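Participant: Position one of the sequence shown corresponds to residue 1 (full-length UniProt numbering), numbered consecutively onward.
Derived by calculation from the structure, the hints in this document are not laboratory data. In this text the structure is predicted, and so the values were computed from the model without any measurement. The C-beta atom is built at its ideal place from N, Cα and C for all residues, glycine as well. Take the hints with a grain of salt, since some may be wrong.
Said to hold, decoys possible - Dumping the calculated DSS-like pairs for lysine-lysine here, alpha-carbon to alpha-carbon at most 30 Å: (1) Lys70 to Lys134; (2) Lys180 to Lys168; (3) Lys134 to Lys216; (4) Lys180 to Lys196; (5) Lys124 to Lys100; (6) Lys216 to Lys246; (7) Lys61 to Lys100; (8) Lys196 to Lys250; (9) Lys196 to Lys185; (10) Lys250 to Lys61; (11) Lys196 to Lys134; (12) Lys185 to Lys61.
As the list claims (entries may be wrong) - Pairwise CB distance ranges (calculated): (13) Glu205 to Gly169: 20 to 26 Å; (14) Ala145 to Tyr207: 33 to 39 Å; (15) Asp85 to Asp146: 43 to 49 Å; (16) Gln102 to Ala177: 19 to 25 Å; (17) Asp104 to Lys61: 24 to 30 Å; (18) Lys100 to Ala145: 18 to 24 Å; (19) Asp113 to Gly158: 34 to 40 Å; (20) Glu205 to Ser137: 16 to 22 Å.
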Amino acid sequence: MRAAMMGDNCFDVYERLGRAYPTGNVVDTGVNLRKLGVEVSILSATGSDFRGQMMRETLGKLDLDLSHLKVLEGKTAVTYMDMEDNDRIHGEYDEGVLGKMQFDLEDQRFALDHDLIHSALWGKADQALCEIRKQSSIPISFDFADRLDHPLVEAMEGIVDYGFFSYKGQRDSWIEAFLKQRVEKGMRQAIATFGKSGSLVYDGEHYHEFGIFPAKVVNTVGAGDSYIAGYLYGLLQNWPIHECQKLGAKVAAQVVAVFEPWGEGELYR
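Working from the sequences, and respecting the hints, build out all of it.
Facilitator: What follows is the structure, encoded as structure tokens:
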């Protein structure tokens, strides 16, 4: 199985703690998928600075396909972070070269040579995904984060097959109706994650609910992306929804137990 991660990358920098690591939605999701055994390609753009070099070296050592990770003249994107009670706090964001990142026809053709394409809200891939959808029925997943009212939610109707949403709360009638509407508008499955309260999936007929696995939390960064990686692995294996949720929760529990946005070692299952 091959999965194309199409979108953003950046460095999270904790100036107060003197720590930093390469990250970004498609990077975190892609690395965790690779650790699960899926061949992963990164389609993105990084800078020509030292952080861009570190990004390429780190992902290369993790055996990701970087043939479509472009190097643009300028700075790699940076998010300045801090911690409070083991929970990450997002500070200022310097977009760097991502401000001029584009996905051309060659990128689109390359993405089509995979079994699944994943992107996210800040990945600037929405127009490319629309073009890809005109050419193929390849499954497309998309992380809308906690922006449930973002214009892209409606703009990507009929494009995205598997939509992931982070909901600040627990299962209630509002989120049930929201997920149901997303499927009625074209998604195959709409997935909401609730942090400590697990996840909920609507597939057009039924709701599927799953909890979490206990973990000693070191840093909550990467929890959502790692859940998505586990869930997508299950989709690629044609697992039942419950099993996709279970692996997503298991991978997320392993990731929040370390400081970086992906777990240690290679085997999660």
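Participant: Taking each numbered hint in turn, which are not upheld by the structure, reported in ascending numerical order?
Facilitator: 3, 11, 12, 14, 15, 16, 19
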